[in-house]
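Please build the complex by placing chain Y on the supplied structure of chain G, with the hints as guidance.
Chains as they are written, first to last, in this note's numbering: chain G, 35 to 579; chain Y, 5 to 438.
Hints may be right or wrong, so weigh each one.
Here are the simulated lysine-lysine pairs, BS3-like style, with alpha carbons at most 25 angstroms apart [claimed, not checked]:
#1 LYS114/Y to LYS91/Y
#2 LYS424/G to LYS495/G
#3 LYS533/G to LYS254/Y
#4 LYS357/Y to LYS91/Y
#5 LYS572/G to LYS495/G
#6 LYS114/Y to LYS564/G
#7 LYS533/G to LYS565/G
#8 LYS533/G to LYS522/G
#9 LYS311/G to LYS330/G
#10 LYS533/G to LYS263/Y
#11 LYS357/Y to LYS330/G
#12 LYS522/G to LYS495/G
#13 LYS330/G to LYS313/G
#14 LYS522/G to LYS424/G
#15 LYS114/Y to LYS572/G
Pairwise CB distance ranges (calculated) [stated by the list, open to error]:
#16 GLN574/G to THR125/Y: 36 to 46 angstroms
#17 ARG547/G to GLN211/Y: 40 to 50 angstroms
#18 ALA141/Y to ASP130/G: 37 to 47 angstroms
By construction, these hints were calculated from the structure, which means they are not laboratory data.
Just so you know, these numbers come straight off a predicted model, no measurement behind them.
Glycine included, every Cβ here is placed at the ideal spot set by N, Cα and C.
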Amino acid sequence: MPRAVRILALLPLAALAAAAEPSRGLEFLGRFHPVVVHLPIGLLIAVALVEARTWWQGARQPDPARGVLLVAATVGAVVAVGLGLALAQGGEYDPDQLGWHQWLGIAVAVAGGWLIALHHLEWRHHRLRPLFRLALAGSVVLLGVTGHAGGTLTHGPGYLTRYAPTWLGGVPPRPALLAPPAPTAPTEPSPAPAVEPPSMAPEPVGEVTMPSPPANDDPPPLRPVVPPRDPGRATTPPEAMMDEPMAAPAAAGGPDFARDIAPILAARCTECHGDTKQKGGLRLDSPAAIRTGSKKGAVLVPGAPERSSLFTSVALPADDPDIMPARGEPLSAAQIALIKAWISAGALFAAPGNSEAPTQAKPPPTTAKPAASGPPPATAYDQLATGLAKPDSGTIEAITAGGGVVTPLSRNGALLEVNLAHTRAPLTANHLQQLARIGSNIAWLDLAGSTVGDGMLAQLKALPNLRRLHLERTAIGDSGLVHLTGLKALEYLNLVGTKVSDAGLYRLHGLDRLERVYLWQSQVTAAGAKKLQAALPKAQINFGQ
Amino acid sequence: MSRRTACHRLDDLSRRDLLVGGAKALLGVGMLNLFGALPVFAGDPEPAAPAPRPTAKNVIYLYMAGGMSHLDTFDPKPGSETQGPTKAIATSADGVQISEYLPKLAPLMKHVVVVRSLTSTQGAHEPGNYLMHTSYAQRGTIRHPALGAWVSFLSGRINGTLPGNVAIGAGSQHPGAGFLESRFSPLPLGNAAAGLQHSTLPAGIDQERFDRRMELRKRLDAGFDARFDQRQVRAYRDLYDEAVQLMGSKDLAAFDLSKESENLRDAYGEHDFGQGCLLARRLIEHDVRFVEVQLGGWDTHDDNFDRVQTQAGILDTALATLLADLSARGLLDETLVVVATEFGRSPVINGNKGRDHHPKAFSGLLAGGGIRGGRAWGATDERGHAPASDPVQIPDFNATIGYALGLPIDKVVVAPNGRPFTLADKGVPLAGLF
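This is chain G alone, in the form it adopts within the complex (with noise of 0.2 angstroms):
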């Protein structure tokens, strides 16, 4: 408090302070804009007042004040003015509103100076009075849009009128996301869209299980909206953008700071957070001041691009006043994923190997536990989904009509989870043989409990990227693992509570992905779960306590 009375005291020195180190005296000056600029404001509208005393009390003279408040005000304007041309060098403005905030203020304050001339005039001769009132209403309009302008120009677009009803304009209250969505539509034509939902119409997990509108109920029906910043992205893992073809690139080895990143960055970045701004105090034009981060703090955090605002900011809603950049398209969905790969993968500026590594790529100190950071490690399943066909719609109502359940496991929803341990009439051959036809869709196929036999497991062969695979408590037996053979791709088996033993299972030696299988309750033997341990070595063999 003390210094800024001092300040204030001291006010007229900081001008020769200005003279004699031009850009800081500017700056300093500058600060003092917002302090000064309400004065003309009040003494504007204060002339209005009186002035619309005089109307109404239908004086003959003009009240003796207008002319002092008047000069006052348009005073007051003009170093308004002064100081606000001074803020402006400090370049934190974006230009285009800061050209309708500038050329408003400097027209009040010409508006002013009419206006004392006006008065004078009036003065003089009354018949000019109603063009005195006139510009004088004129100018307090001017005032208002000017100070929106410069309102604008502080605190954002939208920020008067964000918690307005929103048929006022007011912005829509948001649900809390775990990372900002990506923009609600990419800009460039992308040849698969992979968000689209899965075709499976009567399905009853997800979006289809919400009860139908009814026709003439009273209260608003339960119905499911989209929240405005589309929050599936939100929760999607990073390896779910992989599976967008432009984003292909990344996934192949993964983004490289100077080939993917600089490039996005020096185009759309450090125009603002560069060399000649640094909007929020970020550069974002050299590895080092991209680790300082901005006045907020940092602005990446490797391995966890939905804390990271280098990615949060650029994945907003196209509509989001927060979106960067804050000018022009918003990034292109493959740049995003760019960006969103690369800080998952570490934020590093050199590739491994590369001779800067040892400096670059060491990553800021974060307060978050390493191996607590960031979302789910990276699986093949959705880079699985890439190359599948969707599956067909027909046949997943067809096994949706009988009891089973089909799940999407990918983000494309071509890899699927099916579920066939409810079917209306007791599992048979012919349940299974449906599979077929999507058969190199599913991935996981759960028949526990069910009535599966030995001789209709021969029906899995044609799952070929099965990987997880559900028989406990049926009578699946030695005879029926003879069918698994084929399933390569294999990693959780579970056979709990089966009649399968010692002599079958060695069939299982070759599928060499398995990574849990679950022999409790069945007829194997502790030294046959011992051998096939041995043949597969990295498998977790749970046999029970």
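Just chain Y now, with coordinates in the frame of chain G:
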């Protein structure tokens, strides 16, 4: 930094700039900006992208009613004056100690993440319970759905004949389906060992006669239903349909604990909570997606240490057996086990050797379902008074559960009163847990 002054800037003006600036300044063109803020056109909403690949299919949600003392269970502070007589023991999770009252759980902590930095502002039982279950603060104008109802609503059933949402031993305080239609509310079960009561036909009424009666009821109601297709009417009709469907389910045996071996039943513990956990496992096995089991008696304002020891013993036995059982059956990979409570207990030990309500810091557990276990998330200060790192709000905790299930946690659902709600309010999932 540019050294150009204001005058130099004016030098840069072209004639075109001057005209544009003049127009802006003097002709009121600047007014156009004002209208820019008005809504012009509300476009079609973007279809929500499908949820990410789920890491969990089912949830077993164990609720410790009354406020579980974090200091005497999962967040001990050995050596602190606030600790009292409770000792800490090492576990199979590196660097994670838990209370000596949980010896059976200690070797299984490698599957578990202890969230130690939960924090809330609701220090009374009812609002705390409500917030934990719904992610929203309790208020007079609306009843929010509990997590299980959200799960049922957003994901649908896998087993077509069993309810998708079951609550065992939950009191009348349970928020149930809130503003969602009543068919999403949990099927309430009082006593797990008794199973599902009244699910068989009364003596003297065979299936055919029963079907005839139901058919008659449908015919009588048809006109009314068609004329008043409203939520309460639908809820009443759904109730019948669901009940009849459940009675006819071939999976009704899922409710029958007598199908389990005596040994296993004993291992879960001979009390309602342990048997409830066993029933939860059976239901999960039959693809019921969300099962809540409650254990009360944690409101230890007096005699905290003896009473917590008793309650923790019940939890220890049941949860340790549940985790081992799920693990052996290969179900822990796909089942998220949650331990939650409304708040912790105060570090200050009161005059009755008790601990009072303490929402500022408390612990919850997450295990299985794709969670990378064997660690603690967040920490409290040395007294166990407040979160010292990574504070987790209740909505964040619940968002994590929704995230694990692959649910669209940001999907906005408009309640009948026209207000928008989401599964976990503004919660942000702890994505680092997976």
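The hints, checked one at a time:
1. Among the hinted pairs, LYS114/Y with LYS91/Y is consistent with the structure: their alpha-carbon atoms are about 20 angstroms apart, no more than 25 angstroms.
2. For the suggested pair LYS424/G and LYS495/G, the alpha carbons sit about 20 angstroms apart, so the restraint of at most 25 angstroms is met.
3. For the hint pairing LYS533/G with LYS254/Y, the CA-to-CA distance comes to about 23 angstroms; that is within 25 angstroms, so the pair holds.
4. Between LYS357/Y and LYS91/Y, the direct Cα distance comes to roughly 16 angstroms. Compliance with the 25 angstroms bound is thereby established for this hinted pair.
5. Taking the CA atoms of LYS572/G and LYS495/G, the gap is about 24 angstroms. The hint holds against a cut of 25 angstroms.
6. The hinted pair formed by LYS114/Y and LYS564/G meets the criterion: a straight-line CA distance of about 23 angstroms does not exceed 25 angstroms.
7. For the proposed pair LYS533/G and LYS565/G, the alpha carbon gap of about 18 angstroms is at most 25 angstroms, so the pair holds.
8. A threshold of 25 angstroms between alpha carbons decides the hint, and for LYS533/G with LYS522/G the separation of about 22 angstroms falls inside it, so the pair holds.
9. Taking the CA atoms of LYS311/G and LYS330/G, the gap is about 17 angstroms. The hint holds against a cut of 25 angstroms.
10. This hinted pair checks out: LYS533/G and LYS263/Y have alpha carbons roughly 19 angstroms apart, not beyond 25 angstroms.
11. Proposed proximity of LYS357/Y and LYS330/G is contradicted: the alpha carbons are some 46 angstroms apart, above 25 angstroms.
12. Our distance criterion of 25 angstroms between C-alpha atoms is met by LYS522/G and LYS495/G, whose separation comes to about 10 angstroms.
13. At most 25 angstroms may separate the alpha-carbon atoms for a hinted pair to count; LYS330/G and LYS313/G meet this at roughly 11 angstroms.
14. A threshold of 25 angstroms between alpha carbons decides the hint, and for LYS522/G with LYS424/G the separation of about 22 angstroms falls inside it, so the pair holds.
15. Restraint check for LYS114/Y and LYS572/G: satisfied, since their Cα atoms lie roughly 19 angstroms apart, inside the 25 angstroms limit.
16. Under the hint 36 to 46 angstroms, the C-beta atoms of GLN574/G and THR125/Y, about 43 angstroms apart, fit the expected range.
17. Distance hint for ARG547/G and GLN211/Y: a CB-CB separation of about 48 angstroms, consistent with the stated range 40 to 50 angstroms.
18. For the hinted restraint 37 to 47 angstroms between ALA141/Y and ASP130/G, the CB-CB distance of approximately 42 angstroms keeps it satisfied.
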